[in-house]
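Going down the list, the sequences are from chains A and B.
When we follow the numbering used here, the leftmost residue of the first sequence carries the number 1, and every step to the right adds one.
When we follow the numbering used here, the leftmost residue of the second sequence carries the number 1, and every step to the right adds one.
Warning: the hint list may mix true and false statements.
[Unchecked claim] As a list, the in silico DSS-like pairs of lysine-lysine whose alpha-carbon atoms are at most 25 Å apart:
| # | chain 1 | residue 1 | chain 2 | residue 2 |
| --- | --- | --- | --- | --- |
| 1 | A | Lys63 | B | Lys42 |
| 2 | A | Lys63 | B | Lys114 |
| 3 | A | Lys53 | A | Lys109 |
| 4 | B | Lys74 | A | Lys46 |
[Said to hold, decoys possible] Here are a few chain A residues that sit away from chain B, every Cβ distance over 12 Å (derived from the structure):
| # | residue |
| --- | --- |
| 5 | Gly12 |
| 6 | Pro19 |
| 7 | Gly20 |
| 8 | Asn26 |
| 9 | Glu34 |
| 10 | Asp36 |
| 11 | Leu39 |
| 12 | Glu45 |
| 13 | Gly66 |
| 14 | Tyr80 |
| 15 | Val96 |
| 16 | Lys109 |
| 17 | Glu167 |
| 18 | Phe172 |
[Unchecked claim] Okay, the calculated bits of chain A under chain B, using three or more residues with CB under 8 Å as the criterion:
| # | segment |
| --- | --- |
| 19 | 125-138 |
| 20 | 141-147 |
Honestly, the hints are just simulated from the structure, not real lab data.
Ideal placement from N, C-alpha and C gives every residue a C-beta, glycine not left out.
Residues per chain, in single letters:
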Amino acid sequence: MQGFAAVKSEMGEYWYIRPGLEESVNDYFSAQPEADMALESQIPEKDFNQAGKGSAEVKNLLKRLGVDPGILRRVAVAAYEAEINVAAHSLGGMMVCRIYDEFIHLIFKDMGPGISDIEQAMTPGYSTADDMVRELGFGAGLGLPNIKKNSDALHILSEHGNPTLLEFLVYFNSDE
Amino acid sequence: MKLKEIVAILDGEILLPGANLDIEVPCAFSSDLISDILMCTKEPTLLLTGLTNNQVIRLCDMIDIVGIVFVRGKRPLQEIIDMAEERNIPLICTNLTMYRSSGLLFNAGLRSCKI
Chain A
1 MQGFAAVKSE
11 MGEYWYIRPG
21 LEESVNDYFS
31 AQPEADMALE
41 SQIPEKDFNQ
51 AGKGSAEVKN
61 LLKRLGVDPG
71 ILRRVAVAAY
81 EAEINVAAHS
91 LGGMMVCRIY
101 DEFIHLIFKD
111 MGPGISDIEQ
121 AMTPGYSTAD
131 DMVRELGFGA
141 GLGLPNIKKN
151 SDALHILSEH
161 GNPTLLEFLV
171 YFNSDE
Chain B
1 MKLKEIVAIL
11 DGEILLPGAN
21 LDIEVPCAFS
31 SDLISDILMC
41 TKEPTLLLTG
51 LTNNQVIRLC
61 DMIDIVGIVF
71 VRGKRPLQEI
81 IDMAEERNIP
91 LICTNLTMYR
101 SSGLLFNAGL
111 RSCKI
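Use the sequences and the hints to build the structure in full.
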């Protein structure tokens, strides 16, 4: 388990940055430079025929770019969990993928209804999934913990009644 | 362990007739929870599950699943079988429970995946 030095949590906002990457991550988020490559896909509400396609596309693109298989797996798992979260818990949303030389930045925006307690939602095993979602094998309460575990930086902005933004970075040369 | 030995041990039925049964299966994992499967599978793995929806096949786009065993007589719909065929994922059905299937394979020497 990584250290928690770089975890910052306030009402409605959560930050996790893998220790040692604080400067690079902060520089990136303050500058937000143009991406070398970008992809976008829609995530319709409760559409489990579509859900996961966007993540698979991102993984295939990175694979073609020659990204290490271990990193590919981390990006794919985190992206898929985030995509399923949007499909399962929100009124629908979208995924934006921005690829740079050193890392990938994935952004998930939805249309609400928001997370009332992010800290609680980060607790492994805590889930608000409904029966339909659970029947499909989701709702283990491991979605957000799994995203955090596989990413190098994670930022969540959400509160009850508002849209949620979840974004994460995975560096191409990092070890889990 | 080869996939054909697994089929024999589980008295399984192969859903994709063209599947290559000579592939080597290094380890296995059993679960009905998608997040568990994602979290625990870091190497080529045989998945034993009771889930038969399309997301089980979608998982194979994210992680390295070498084959899927549907336990307790569960059968996926044809569209799911077609999705697996596109991805070249062998599908096996067994009437045995997940516990019994896992136990038989473990006793026969198929190890658990590293988590």
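Do the hints match the structure? See the list:
1. A:Lys63 to B:Lys42: Since the Cα atoms of Lys63 (chain A) and Lys42 (chain B) sit roughly 17 Å apart, the hinted pair holds (cutoff 25 Å).
2. A:Lys63 to B:Lys114: holds (24 Å)
3. A:Lys53 to A:Lys109: holds (16 Å)
4. B:Lys74 to A:Lys46: Within the cut-off at roughly 24 Å; holds.
5. Gly12: holds (24 Å)
6. Pro19: holds (22 Å)
7. Gly20: holds (23 Å)
8. Asn26: holds (29 Å)
9. Glu34: Per Cβ check, Glu34 (chain A) is outside 12 Å of chain B; nearest 28 Å; holds.
10. Asp36: holds (23 Å)
11. Leu39: At roughly 15 Å from the nearest Cβ of chain B, Leu39 (chain A) sits farther out than 12 Å, so the non-interface label holds.
12. Glu45: holds (16 Å)
13. Gly66: holds (18 Å)
14. Tyr80: violated (5 Å)
15. Val96: The claim holds: Val96 (chain A) sits with its nearest Cβ about 19 Å from chain B, beyond 12 Å.
16. Lys109: Per Cβ check, Lys109 (chain A) is outside 12 Å of chain B; nearest 21 Å; holds.
17. Glu167: Given that every Cβ of chain B is farther than 12 Å from that of Glu167 (chain A), nearest at about 19 Å, it holds.
18. Phe172: holds (17 Å)
19. 125-138: holds (count 3)
20. 141-147: Answer holds; 4 residues pass the 8 Å Cβ test.
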